[in-house]
Amino acid sequence: MSRKATMGTRAPGGMGGPISSSSSSAIPDIGPEDMCPVCKTMRYLNKEMKFLINPECYHSMCSACVDRIFNAGPNQCPHAGCHKTLRRKGFRAAFFGDLSVEREVDIRRRVAAVFNQQEDDFVDLQAYNDYLQKVEDLTFDLVNGSDAQRSAAEAELQRWEAEHKADIERNRKAGREADEQSRRRRAAEQEAVRQRRLEAAREAQEEKQERARNREAELESLAKGQVPADATQRVQLKRRGQANRAVEAAAAAAIAATSAAGVVSSGDGGRLSIRGLKEKKKAPAPEGPYDPFGGPVFVPTRYKLHPALRHHDSDRYRNDSQHRTGGFSFDDYYARVMFEAFAGLGVFIEDEKEVGIGLSASEVVGMAAGLAAVSSDRMDLD
Amino acid sequence: MATEDARYRETSQYQLWSFSPTQLAAMREKTNTAARARISERLLSYPAPPTAPSSNNVSAPTSNANTPDPDGNGTPRQPTLPDFLTPAEENLIVNFYTSELLRAADVFGFPEHIKSTGAVFFRRFYVTNSIMTYPPQEIMIVALFFGVKAEGGFAQVGDFVKTFNKKSEEEILAGEFLLFQGLRFSLEVKHPFRALRGAVMELSALGDVDARRVEGAERRAREILQFSPLMTDAYFHYTPSQIMMAALSLADRGLAERLMQKTFHFVAPASGADTPMSGGEGKREQAGEDKAAIIGSLIRDKVLGAIEACRDILSKELPERREHWTNKSFIKSQVGPVRKKLNKCRDPERWNLVELQRTRREQASKKNGSDDEDDGADKGKFEDDGAVFGEPLSARDIKRRKVKTEGLQDPFGGAL
Numbered sequence: 001m002s003r004k005a006t007m008g009t010r011a012p013g014g015m016g017g018p019i020s021s022s023s024s025s026a027i028p029d030i031g032p033e034d035m036c037p038v039c040k041t042m043r044y045l046n047k048e049m050k051f052l053i054n055p056e057c058y059h060s061m062c063s064a065c066v067d068r069i070f071n072a073g074p075n076q077c078p079h080a081g082c083h084k085t086l087r088r089k090g091f092r093a094a095f096f097g098d099l100s101v102e103r104e105v106d107i108r109r110r111v112a113a114v115f116n117q118q119e120d121d122f123v124d125l126q127a128y129n130d131y132l133q134k135v136e137d138l139t140f141d142l143v144n145g146s147d148a149q150r151s152a153a154e155a156e157l158q159r160w161e162a163e164h165k166a167d168i169e170r171n172r173k174a175g176r177e178a179d180e181q182s183r184r185r186r187a188a189e190q191e192a193v194r195q196r197r198l199e200a201a202r203e204a205q206e207e208k209q210e211r212a213r214n215r216e217a218e219l220e221s222l223a224k225g226q227v228p229a230d231a232t233q234r235v236q237l238k239r240r241g242q243a244n245r246a247v248e249a250a251a252a253a254a255i256a257a258t259s260a261a262g263v264v265s266s267g268d269g270g271r272l273s274i275r276g277l278k279e280k281k282k283a284p285a286p287e288g289p290y291d292p293f294g295g296p297v298f299v300p301t302r303y304k305l306h307p308a309l310r311h312h313d314s315d316r317y318r319n320d321s322q323h324r325t326g327g328f329s330f331d332d333y334y335a336r337v338m339f340e341a342f343a344g345l346g347v348f349i350e351d352e353k354e355v356g357i358g359l360s361a362s363e364v365v366g367m368a369a370g371l372a373a374v375s376s377d378r379m380d381l382d
Numbered sequence: 001m002a003t004e005d006a007r008y009r010e011t012s013q014y015q016l017w018s019f020s021p022t023q024l025a026a027m028r029e030k031t032n033t034a035a036r037a038r039i040s041e042r043l044l045s046y047p048a049p050p051t052a053p054s055s056n057n058v059s060a061p062t063s064n065a066n067t068p069d070p071d072g073n074g075t076p077r078q079p080t081l082p083d084f085l086t087p088a089e090e091n092l093i094v095n096f097y098t099s100e101l102l103r104a105a106d107v108f109g110f111p112e113h114i115k116s117t118g119a120v121f122f123r124r125f126y127v128t129n130s131i132m133t134y135p136p137q138e139i140m141i142v143a144l145f146f147g148v149k150a151e152g153g154f155a156q157v158g159d160f161v162k163t164f165n166k167k168s169e170e171e172i173l174a175g176e177f178l179l180f181q182g183l184r185f186s187l188e189v190k191h192p193f194r195a196l197r198g199a200v201m202e203l204s205a206l207g208d209v210d211a212r213r214v215e216g217a218e219r220r221a222r223e224i225l226q227f228s229p230l231m232t233d234a235y236f237h238y239t240p241s242q243i244m245m246a247a248l249s250l251a252d253r254g255l256a257e258r259l260m261q262k263t264f265h266f267v268a269p270a271s272g273a274d275t276p277m278s279g280g281e282g283k284r285e286q287a288g289e290d291k292a293a294i295i296g297s298l299i300r301d302k303v304l305g306a307i308e309a310c311r312d313i314l315s316k317e318l319p320e321r322r323e324h325w326t327n328k329s330f331i332k333s334q335v336g337p338v339r340k341k342l343n344k345c346r347d348p349e350r351w352n353l354v355e356l357q358r359t360r361r362e363q364a365s366k367k368n369g370s371d372d373e374d375d376g377a378d379k380g381k382f383e384d385d386g387a388v389f390g391e392p393l394s395a396r397d398i399k400r401r402k403v404k405t406e407g408l409q410d411p412f413g414g415a416l
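Protein chains in written order, with UniProt numbering: chain A, 1 to 382; chain B, 1 to 416.
This is chain A alone, in the form it adopts within the complex (with noise of 0.2 Å):
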């Protein structure tokens, strides 16, 4: 926890600086944690010692000997063959204990200050998603790549700041809005539970009180020959009911308060905090019953089932109780026979196969002819 706030809390002046253009190999393995590659103490003489780093090389010494060398002023880092100059201010311990993923951690850090755009800046995801690739593109150049592969990457990024400085800070300052709002909410949360439990403890010491004196009246009147009423008992449940009640009221007054206020402070900075939601979807329409076969309709058109259609052959098994089987239903055989003999009637394999399904030009105009002879009939004789 401690560790976690030190970085927290870390001067921006440390990650602001140019990234260390030594190689992750040239990190030194710190293996057992147990000597000061400076000053060779153990651990075993001195069981406070702390390790600190400097995000400029990550080389590793103790608390001590930062202490030593650095605070006279900037000095060379003591490693051999490492000519970078720390300052005792840039010291911090480190919160991986692989070094190279702790650097890894601050470059992303920083390239994520940077690159600080939301998917709400882009017109598409398309767009947002090419940015993203893009930044990654470069926080791996950064991390992994070779020299020239890492001095390219951060001109590109310098460039880039330089460039979208303006944009930068508003999203930076909108980042900050949201997580104040967050925090001033959560702060509010927090209170009104507060205020609730405080209340509850209040109520619980009224409730105590009040039933010390209710059992003493009780006895004082029982004490008199009087029996005790009913009546004070509903009262006092009554009381207990509004009293929650309000406290209720009170917590919900208390939070609408606090986030109305909190909307009128970002409003204040000219933009509101909630950005990028989406509206919420409308309810689907209702639908209908469930339609198994998704469309087509099954009532007849060409034929009628009636209970006359029979036919001598099948009558003679419907009527005899050994052709009578569970699940089997004449009337189905006969609906399936009345469909077959009518279905496809009106398919003309020949034209629809070589032009298409419907009727062609010509008989539609003869049709059309037709109706139109008819209706104007109607018509005369209207």
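Heads up, a few of these hints could be off.
[Unchecked claim] Straight-line C-alpha distance at most 20 Å; calculated PhoX-like pairs for lysine-lysine:
| hint | chain 1 | residue 1 | chain 2 | residue 2 |
| --- | --- | --- | --- | --- |
| 1 | B | K332 | B | K344 |
| 2 | B | K341 | B | K328 |
| 3 | B | K162 | B | K149 |
| 4 | B | K262 | A | K353 |
| 5 | B | K262 | A | K304 |
| 6 | B | K344 | A | K353 |
| 7 | A | K50 | A | K40 |
| 8 | A | K89 | A | K50 |
| 9 | A | K134 | A | K165 |
[What the hints assert, rightly or not] Stretch-level coverage of chain A by chain B, calculated; a stretch enters the list once three of its residues show a Cβ under 8 Å from a Cβ in chain B:
| hint | segment |
| --- | --- |
| 10 | 159 to 172 |
| 11 | 309 to 316 |
| 12 | 342 to 349 |
Treat the hints as calculated values from the structure; they're not laboratory data. Just so it is clear, CB atoms sit at the ideal spot from N, CA and C, and this is done for glycine as well.
Got chain A sorted already, so can you dock chain B onto it with the hints?
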């Protein structure tokens, strides 16, 4: 359009196996040409005599209808190409073997729908495959056997082996998948038999038709349906209900016309009273009925035209012609010469189904066994004419090879 028609259009029979006469003729022509090209290529590439006699020896004794061919052994010696069958001759052979198939089904005593399914399978198979490529006398048996299975009958291969004088079950089973491919994997055949029963039910429900007349017509129509549409191309050109109506019309024209009138609400000027809706209260109803009458009569005329055409086709092969197809002199004068010709021009590689299946299996197992090595070399001669079974096979092969060569190097595919 009526929902009944829309539902019929969903069937595989309509979608895959319905053609106009010109389309069908073109397909047969194409099949014939393709077979000619392939077979001549094969005959030229296999001039060695040993292949021909061996295939002869295997297939000749197995076919009961095949007459021994005295000069079959001599011809392949010279590399000259034989005479190929014309589409018309192929059609004759298909018809002849269809009649043989129906005869065989009668020997087994199969019901009408099994019999017809077998016959339709046989005819469908030879639309996209040539008689010269696959032996009809074998495919006929396979089609019958497969038809029984497709219709849910219980057939024993042993019975077939016994009846057709085969040596082993293998000879029948070998062609099954081949046939299935040729049928484009659609097994359902819509028959007009049940439809006929529906028509008869509708007629008897009218109440004013003599029951004996209906019964007689049904018997005759059923007889026609069991032979005529199967011996002709009716199943390709017409829907089952149209075929049924045509058969009914051949049996009793009056009844068929009565039924058509009843179906397509045609309001004849004189007899307007017998339609159910003619009680017209309002003008609008009247007008609607007139409209229905116009549209109904137009469609009715068209349907009648289709039925009439189908009737013409069916009347060429009435059940009385059954004897014609088994007539010895007819076989000798018409079928015999064509069959002799066929013996000379058949496909040396495909003719023996057992052998063909064995080779295919071997190839498949070889391919599976040596999956990781490049199989460009053993893409055999069977592979390159995959066109017989349509394009998808070869296209998939190409894809598979592509995956094999490229896929392993970059498991997530190439650069975007």
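Tested hints:
no.	hint	result
1	B/K332 to B/K344	holds, 18 Å
2	B/K341 to B/K328	holds, 19 Å
3	B/K162 to B/K149	holds, 18 Å
4	B/K262 to A/K353	violated, 28 Å
5	B/K262 to A/K304	holds, 11 Å
6	B/K344 to A/K353	violated, 37 Å
7	A/K50 to A/K40	holds, 13 Å
8	A/K89 to A/K50	holds, 16 Å
9	A/K134 to A/K165	holds, 18 Å
10	159 to 172	violated (count 0)
11	309 to 316	holds (count 6)
12	342 to 349	holds (count 8)
Consistency with the previously given hints fails for numbers 4, 6, 10, ordered from lowest to highest.
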